[in-house]
Amino acid sequence: MVRWPAIIKYEGDSELTFVSGLSEWECDADLHFFSYEEGDALIDSEGVIYALDKREADCIKPRATGGSFNKEEILEIIKEHFSAIGECCVSKFSISTISEGVAVVGKFEEK
22 MVRWPAIIKY
32 EGDSELTFVS
42 GLSEWECDAD
52 LHFFSYEEGD
62 ALIDSEGVIY
72 ALDKREADCI
82 KPRATGGSFN
92 KEEILEIIKE
102 HFSAIGECCV
112 SKFSISTISE
122 GVAVVGKFEE
132 K
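In my numbering, the protein residues as written are 22 to 132.
Keep in mind that a hint or two might mislead.
Stated by the list, open to error - Derived Cβ-Cβ restraints for the label pairs, each shown as a range:
#1 Ala50 <-> Lys113: 18 to 26 Å
#2 Lys113 <-> Glu47: 32 to 40 Å
#3 Asp74 <-> Ser117: 26 to 34 Å
#4 Ser112 <-> Glu47: 34 to 42 Å
#5 Glu67 <-> Ser112: 22 to 30 Å
As the list claims (entries may be wrong) - Straight-line Cα separation of at most 27 Å, BS3-like style, residue types lysine-lysine; simulated pairs:
#6 Lys128 <-> Lys113
#7 Lys92 <-> Lys82
#8 Lys128 <-> Lys92
#9 Lys113 <-> Lys92
#10 Lys128 <-> Lys100
#11 Lys82 <-> Lys128
Since the hints were made in silico from the structure, they are not lab data. Every residue, glycine too, gets a C-beta built ideally from N, C-alpha and C.
My request is simple: use the sequences and hints to build the entire structure.
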């Protein structure tokens, strides 16, 4: 079960998409009807990786892969994202937990 909020990491792209919760996932057609590429993944607030290749009733259902990212890996993914969107001082950015890192991505999207 996905621990929300979560981020979508696109294969071959540094930019991330923040998903605040199940209601946003279900209400935003761009998120659950979108045709994802192999390698695109949803990463939840615990670092658990979900493939976006399972369809039920024309909707994408995140499928647990059994894999996960640790805090350091999440930090690098987020730093790459911030660098790609032009944020400064990325090298100084740090997080205490995976969930904090995911939440920070959402805060930057609100700007």
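A quick look at each hint next to the structure:
1. Ala50 <-> Lys113: 18 to 26 Å: The hint (18 to 26 Å, Cβ to Cβ) is violated, given that Ala50 and Lys113 are roughly 37 Å apart.
2. Lys113 <-> Glu47: 32 to 40 Å: At 37 Å between Cβs, range holds.
3. Asp74 <-> Ser117: 26 to 34 Å: Roughly 32 Å apart at Cβ, these two residues keep to the hinted range, so it holds.
4. Ser112 <-> Glu47: 34 to 42 Å: holds (37 Å)
5. Glu67 <-> Ser112: 22 to 30 Å: Given about 26 Å between the Cβ atoms, the range holds.
6. Lys128 <-> Lys113: holds (17 Å)
7. Lys92 <-> Lys82: Since the Cα atoms of Lys92 and Lys82 sit roughly 25 Å apart, the hinted pair holds (cutoff 27 Å).
8. Lys128 <-> Lys92: Answer holds: Lys128 to Lys92 is near 18 Å, not above 27 Å.
9. Lys113 <-> Lys92: Answer holds: Lys113 to Lys92 is near 16 Å, not above 27 Å.
10. Lys128 <-> Lys100: The given pair, whose Cα atoms are some 14 Å apart, holds under the 27 Å limit.
11. Lys82 <-> Lys128: holds (25 Å)
Violated hint for the displayed structure: number 1, the only one.
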